[in-house]
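Visitor: Residue numbers (the numbering used here), protein chains in the order written: chain A, 1 to 115; chain B, 1 to 112.
These aren't lab readings, by the way, just hints derived from the structure by calculation.
Please read all numbers here as calculations on a predicted model, not as lab measurements.
Keep in mind that a hint or two might mislead.
To be verified - With a cut-off of at most 25 angstroms between alpha-carbon atoms, the simulated DSS-like pairs for lysine-lysine come out as follows:
1. A:K9 with B:K68
2. A:K40 with B:K56
3. A:K71 with B:K99
4. A:K41 with B:K77
5. B:K77 with A:K22
6. B:K56 with A:K67
7. B:K77 with B:K56
8. A:K44 with B:K99
9. A:K44 with B:K68
10. B:K68 with A:K36
11. A:K40 with B:K52
12. B:K99 with A:K52
13. B:K52 with A:K44
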Amino acid sequence: DTAVSQTPKYLVTQMGNDKSIKCEQNLGHDTMYWYKQDSKKFLKIMFSYNNKELIINETVPNRFSPKSPDKAHLNLHINSLELGDSAVYFCASSQSDRAGTGELFFGEGSRLTVL
Amino acid sequence: GDSVTQMEGPVTLSEEAFLTINCTYTATGYPSLFWYVQYPGEGLQLLLKATKADDKGSNKGFEATYRKETTSFHLEKGSVQVSDSAVYFCALNDFGNEKLTFGTGTRLTIIP
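Excised from the complex, chain A in its bound form (with noise of 0.2 angstroms):
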């Protein structure tokens, strides 16, 4: 039973599409996030949510639109893709109450793929 789960897990498309990766936690968290590893490998932080509220905006372009329905989900889309988006992009949660102790919980990754 998977605490933390993506889908897709690969994404192939062309520039200029749009396209979503969901996320779902059944762990009970409130805080959920989205990290991206870039060529380099260096996982950084995009958003967080908790409780459905977004906290945390790193300097993203406003083409990826985070959206959390409920606080189990984090989906996120983007729009109008481009070469340099292509990445692994993973999920995580934790509960806000354990801030600061770094126990995040990941979900494999969504490698996207942009031609």
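Given the coordinates of chain A, assemble chain B onto it according to the supplied hints.
Guide: Relative to the frame of chain A, chain B by itself:
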């Protein structure tokens, strides 16, 4: 800004060998330090952590000591197993929040 530098991989070792994966950091404050591990087909999971200087984190035979003087948090294990094959990420957070800064990851392969 904060940054984490860890040794380039991949690293290949024989079973029962001694493992060290180096990690150094740059931070403005007094960060907490973490090692995460990603096994094949799974998400990253927290392996161990240390929250202040000279603390030693340990789990599953792995250890890392928070060295403020050398700004390092090297991961060690005395005798690795095939099941330790994974990608290992060093990370820090400053200001006590969940905005983790990760290194590039080191892929470790253990051969029987």
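Visitor: Decide, hint by hint, whether the structure agrees.
Guide: Verification of the hints:
Of the pairs offered as hints, the one joining K9 (chain A) and K68 (chain B) is violated, with about 39 angstroms between alpha carbons and a cut-off of 25 angstroms exceeded. Proposed proximity of K40 (chain A) and K56 (chain B) is contradicted: the alpha carbons are some 29 angstroms apart, above 25 angstroms. Restraint check: the Cα-Cα separation between K71 (chain A) and K99 (chain B) comes to about 18 angstroms, which is no more than 25 angstroms; the hinted pair holds. Taking the CA atoms of K41 (chain A) and K77 (chain B), the gap is about 24 angstroms. The hint holds against a cut of 25 angstroms.
For the hint pairing K77 (chain B) with K22 (chain A), the CA-to-CA distance comes to about 36 angstroms; that exceeds 25 angstroms, so the pair is violated. As the CA atoms of K56 (chain B) and K67 (chain A) are separated by approximately 39 angstroms, the hinted pair breaks the 25 angstroms bound. This hinted pair checks out: K77 (chain B) and K56 (chain B) have alpha carbons roughly 13 angstroms apart, not beyond 25 angstroms. For the proposed pair K44 (chain A) and K99 (chain B), the alpha carbon gap of about 9 angstroms is at most 25 angstroms, so the pair holds.
As the CA atoms of K44 (chain A) and K68 (chain B) are separated by approximately 24 angstroms, the hinted pair is consistent with the 25 angstroms bound. Proximity of K68 (chain B) to K36 (chain A) is assessed by CA-CA distance (about 28 angstroms); at most 25 angstroms being required, the pair is judged violated. Proximity of K40 (chain A) to K52 (chain B) is assessed by CA-CA distance (about 29 angstroms); at most 25 angstroms being required, the pair is judged violated. A hinted pair counts as satisfied when its Cα atoms are at most 25 angstroms apart, and K99 (chain B) with K52 (chain A) qualifies at roughly 17 angstroms.
Simply put, K52 (chain B) and K44 (chain A) have alpha-carbon atoms about 23 angstroms apart, close enough for the 25 angstroms limit, and the pair holds.
Checked against the numbered hints above, the structure breaks hints 1, 2, 5, 6, 10, 11 and satisfies the rest.
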